[in-house]
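Engineer: We have chain A; now place chains B, C, D, E and F onto it with these hints.
Protein chains: 6
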Amino acid sequence: MLLENMSYVEVEAYLVEKDIVIIPIGSCEQHSPYGILGTDFITAEAIAREVGKRMDIVVAPTINYGMSQHHMGFKGTVTLSPETMVMFVKDIINSFLEHGFKRIIFINGHGGNIEPIKTAFHQIKFEGKSGLLELISWFLLPEVQEIERDIFEDKNGYHATPSEVSITKFLRPDAFRNKPSEKKKINRSQVYFPLSRDEFRQAYPDGRMESAPWLAKEKYGKLIMEEAVRVIVSRLREILKTKIL
Amino acid sequence: MLLENMSYVEVEAYLVEKDIVIIPIGSCEQHSPYGILGTDFITAEAIAREVGKRMDIVVAPTINYGMSQHHMGFKGTVTLSPETMVMFVKDIINSFLEHGFKRIIFINGHGGNIEPIKTAFHQIKFEGKSGLLELISWFLLPEVQEIERDIFEDKNGYHATPSEVSITKFLRPDAFRNKPSEKKKINRSQVYFPLSRDEFRQAYPDGRMESAPWLAKEKYGKLIMEEAVRVIVSRLREILKTKIL
Amino acid sequence: MLLENMSYVEVEAYLVEKDIVIIPIGSCEQHSPYGILGTDFITAEAIAREVGKRMDIVVAPTINYGMSQHHMGFKGTVTLSPETMVMFVKDIINSFLEHGFKRIIFINGHGGNIEPIKTAFHQIKFEGKSGLLELISWFLLPEVQEIERDIFEDKNGYHATPSEVSITKFLRPDAFRNKPSEKKKINRSQVYFPLSRDEFRQAYPDGRMESAPWLAKEKYGKLIMEEAVRVIVSRLREILKTKIL
Amino acid sequence: MLLENMSYVEVEAYLVEKDIVIIPIGSCEQHSPYGILGTDFITAEAIAREVGKRMDIVVAPTINYGMSQHHMGFKGTVTLSPETMVMFVKDIINSFLEHGFKRIIFINGHGGNIEPIKTAFHQIKFEGKSGLLELISWFLLPEVQEIERDIFEDKNGYHATPSEVSITKFLRPDAFRNKPSEKKKINRSQVYFPLSRDEFRQAYPDGRMESAPWLAKEKYGKLIMEEAVRVIVSRLREILKTKIL
Amino acid sequence: MLLENMSYVEVEAYLVEKDIVIIPIGSCEQHSPYGILGTDFITAEAIAREVGKRMDIVVAPTINYGMSQHHMGFKGTVTLSPETMVMFVKDIINSFLEHGFKRIIFINGHGGNIEPIKTAFHQIKFEGKSGLLELISWFLLPEVQEIERDIFEDKNGYHATPSEVSITKFLRPDAFRNKPSEKKKINRSQVYFPLSRDEFRQAYPDGRMESAPWLAKEKYGKLIMEEAVRVIVSRLREILKTKIL
Amino acid sequence: MLLENMSYVEVEAYLVEKDIVIIPIGSCEQHSPYGILGTDFITAEAIAREVGKRMDIVVAPTINYGMSQHHMGFKGTVTLSPETMVMFVKDIINSFLEHGFKRIIFINGHGGNIEPIKTAFHQIKFEGKSGLLELISWFLLPEVQEIERDIFEDKNGYHATPSEVSITKFLRPDAFRNKPSEKKKINRSQVYFPLSRDEFRQAYPDGRMESAPWLAKEKYGKLIMEEAVRVIVSRLREILKTKIL
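Protein chains in written order, with numbering that gives the first Met the number 0: chain A, 0 to 244; chain B, 0 to 244; chain C, 0 to 244; chain D, 0 to 244; chain E, 0 to 244; chain F, 0 to 244.
Please keep in mind that the hints were generated in silico from the structure rather than gathered at the bench.
There are no misleading hints in this set.
Just so you know, same-sequence chains aren't split out, so a pair can sit in one copy or run between any two.
Straight-line distance between alpha carbons at most 30 Å, and here's what the computed DSBU-like set of lysine-lysine pairs gives:
id: 1; residue 1: Lys221; residue 2: Lys183
id: 2; residue 1: Lys218; residue 2: Lys184
id: 3; residue 1: Lys154; residue 2: Lys221
id: 4; residue 1: Lys183; residue 2: Lys242
Since we're looking at a predicted model, the values are computed, not measured.
Next up, chain A with everything else stripped away, as it sits in the complex (with noise of 0.2 Å):
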């Protein structure tokens, strides 16, 4: 159920029946030489789309750019200020709230994205506004976490990892033809957050926070995302049942 290929009329009868709306959110920026710069927005949009599938719930047109100006060193990431991003995610909530939706869940793929969206958030209670805001950043799930140190032990890392090259390369496989596979050295620094993008590119040389991209496979992809969706799925039973204050 994608709101894109839904009319206004299909729109009014969902929401005579629910008020739940599902937004996918993740960014344009690098993801070392190995991943692609649009990891973030394709993991959490097939991820959100998946949900929507299982669980008939309308999902809106994905958010493809975020807040990345830690990644501004490395060229194609583009990023809004977090100012900017308070702004624009208030407008699309408000949105939904004009119509009646009262639930209303973004599905993350993006770390820097975390606090404008939950400042966004606040903004939009300070303003008195009634309904459940959900973010769910599919990579901190615990349980994602968890597949995810099985499989990659401690190469996992925290950007560009294994885990969410796995999944781009299971849902694009034609992307990663030309893309490089050999092995590098993994640097544990002690660095402190957040960086600029000049700290940033002196931290992490290629792009790389700790992680080994090169183990990404198809199939963990697929293994990891199923997890996403399973947990996602039970969490929104949860907040189906909740009631709106």
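Structural biologist: Frame of chain A, contents of chains B, C, D, E and F only:
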């Protein structure tokens, strides 16, 4: 050449040769009971990607949300405020400029986006940045409007046009399985613009603006889209020859 | 009927009968060595006041500053940022709406103002206000452009045009006592828009945009201004008949 | 020396010799049934231009709108929000600073403008710009207030004063053909400031603030204006001697 | 009666009887080598709390940071931008208004705060809120300035005054154990305001503005503070009698 | 080493040796009928100052107001909007960075502040500044939470916790003279976050969030505060060893 499928290393290589990027932009807004909410970004994206393919130009991820306040009287529409949209577009452009892109081309599927995008262009220039910023709204190309008149005569109208519905039908036939097809009256009314959501709903009760979307056919969509692509390709050829000041 | 010469009691009386107000808007920006910095608001003000006089419509004080960033490479130009201009125009409109004005007509003398003003219109509508907001740029009226072609053929150009210089010459002959009058070359160049101040200065070294301001004459100014007034009067007659939604 | 009548070439020549500019600023706001809506910018403009003439200083186009929220309970008043006004004034100042003006003098006719203008001054300095920014409100000059007391004793009040009405009467006698002249009571009330539009209307039902505008006479206007000009000329002489840090 | 030590239940009880709150506000900025960075909020807080105690008025937590851009040339100074300060003060006021407070009194220790605070007051009123907003800068009270002249003659100056240093010495004698006490020259210079950080440092190389802070004594501090408290108490008595519109 | 008691000369000397500053931040918000409105800044300030004392680190003046919109249903709560808070925190950080501080540590007493503060961190980095920005919320330290579980078992809850009430009781015993102490029921409810003021009041009618503040004792406060100080000291030791990129 989708940016989302490239690594930053591949973007670096691209930038050695070229300095142009295409960004598709649309909106998520009602298109009458006949058309789908994603119409504007689906058409812009398809046209942009075909142009990119023919010209070996990088195409950025699509901006799926735009300025659609006047359609908010219809469920499922999502809108940015004009002020947010200016900031959003500005951040996107600044990101590409920072990487060395010098020709930034928005291919646009929605009229309401035009003024905020251009205001963002002016703001970028106010801030002293150099580079060629171009907005091409495919539905305003004279050659496209000529074909539309040939096919739909005076029934194309201004919103939920048979032209744009034809293209989405061509691109996503499945989405139209259960959409209506009966004829309705076309009212020609004298209204002023812009309209608020309430004024719009009063002027255009079912969301059409003097259009006959029931006339849409896949084959027309193919034809119109091809013409849009052809014309934009030729425009971009000119743009590639333009000297950056 | 200048608003500035009325008391609030007189405005109250006016509002019993009418709900329309005209606001002249221009800019303070270079108009080549031949023209004067106030050209855009002087022309807009004179046209607006003549229209107001003929139609018994209140004319508000002139907005003398606009969005002129591209002319900042030339001394004396003053510019608002596009973002400031959106807020400024929004506040002006909101004030009139609050008093019960329902038809708010900007008569504009400067191209750079168009998109920020329209973005402000959209923002007002985004905020849910009703009322007819209209922007009339006198120099874009087809009837005016026809006269210009008749008189100046292909030498009117796009900035510091003999047309606007003629009007200011007609209105303020004394200001032209010491202005130059020698002929220069007209260069036709292929440039993109918008331009930053540096790009503009590079493309148009003396501030003219393909124009021949030395052709300006008082009598042409009188003629062109009269045509602009005539056309706008007839447009406003239509607007007065339009139903407010 | 009106900036609006100069070309940029003439401004270039001026800047070789001088670095000072005067900007008249007022408002469009009610001045009781006795006074006119343009009072504050008409007085500021006339004083500023006379000063400019006597001292060969460039006078910029007048800012006709200001911060008049408290008068919005009376028809015809137009107000900027204080936040907008800060941005607006900042943009104007920045434009002049960019051209090399170093002494930027606002001659002001309206009390409500003072704090937003000064907040803009501070914001400019916060952003690290150098230059002398000065605000002269003619009605607060001690010498002017002395003359006012001599003529109107304790009946000048604080708004729609016979002093400012006298000046506008002197400058625009025709505007007063149909204005009332009967005496009313002067109420001295204890109120706090600032007031909202509703609070103001409650405290000052006809828009006067403890003033007797019926005492206004053209000859007083001439006298008071002359004194304002004289004092400002002498202040600007001091300012011209001040060293720019 | 410190708000910080009360529970919301106690505030509810207070609001049944009274509608006034005092908010101390200062800054963290250099006060020459003789004075301490907290001077402005320490003095404002002490005065405000003593007033609150004598009059049984609730005193809110102190705002410790203000608009101190001109002192940024000296280490340890912290400044809000004027634009941020307007928003900050507005939020504080709105919170108290929302709870039913109707008399909101800022007791201020820093000159640079005055215009942003008043601009915030105007913005609140622009947004249509009712209530009495008052700013009392203790160092500008005529009675206080008289005592200062009595004690320090023409050596109080404008910043890092012996008056404010005396009060902090009285309140925090330990903080002055290792502060210098030798005499320096007092330079009277002709400067304009406001100044940027660089201009300020140039005009006042050690941070004093024509003051002799070495004259500060605890006993003077006690005396001056007592006078400030006495005068403010009497002002608040008037304010408590004022009718809220 | 309180910044407020230092002169700028002393800060200069400090900066020769160290580049770290601690900023305590809390809020003014309801803490049930058992706790006091200042709880969050009082605890943060006391912990921060003790840490500063043990480590010879400068402690800045406390930020007494934060993002507390959800508590606005209870009298005495004061809240910044999230958007204001981002700007406020950004200005504070920028001031310290400008002076050469490179390690800026916020010690935080309030959950609602976390996301706006982190969004401000990201905005600072988006603007390209270098330096280590750290937020330590004492109540989220695992070691502190362990002690809390030891003492209060499952009755600490999430707001107006016996832990934070114990600390304020330890620090300000007098403030608790007339506070209640009777036991109430603890309701475990399933709610979503964030909540608006109305939703919060509905979910938590007396302001507690599953907590038993009547269990608070001074001796527990002393114990918990000591543990918080101990853990933060050890964290800051790590931070002092971190290389600034």
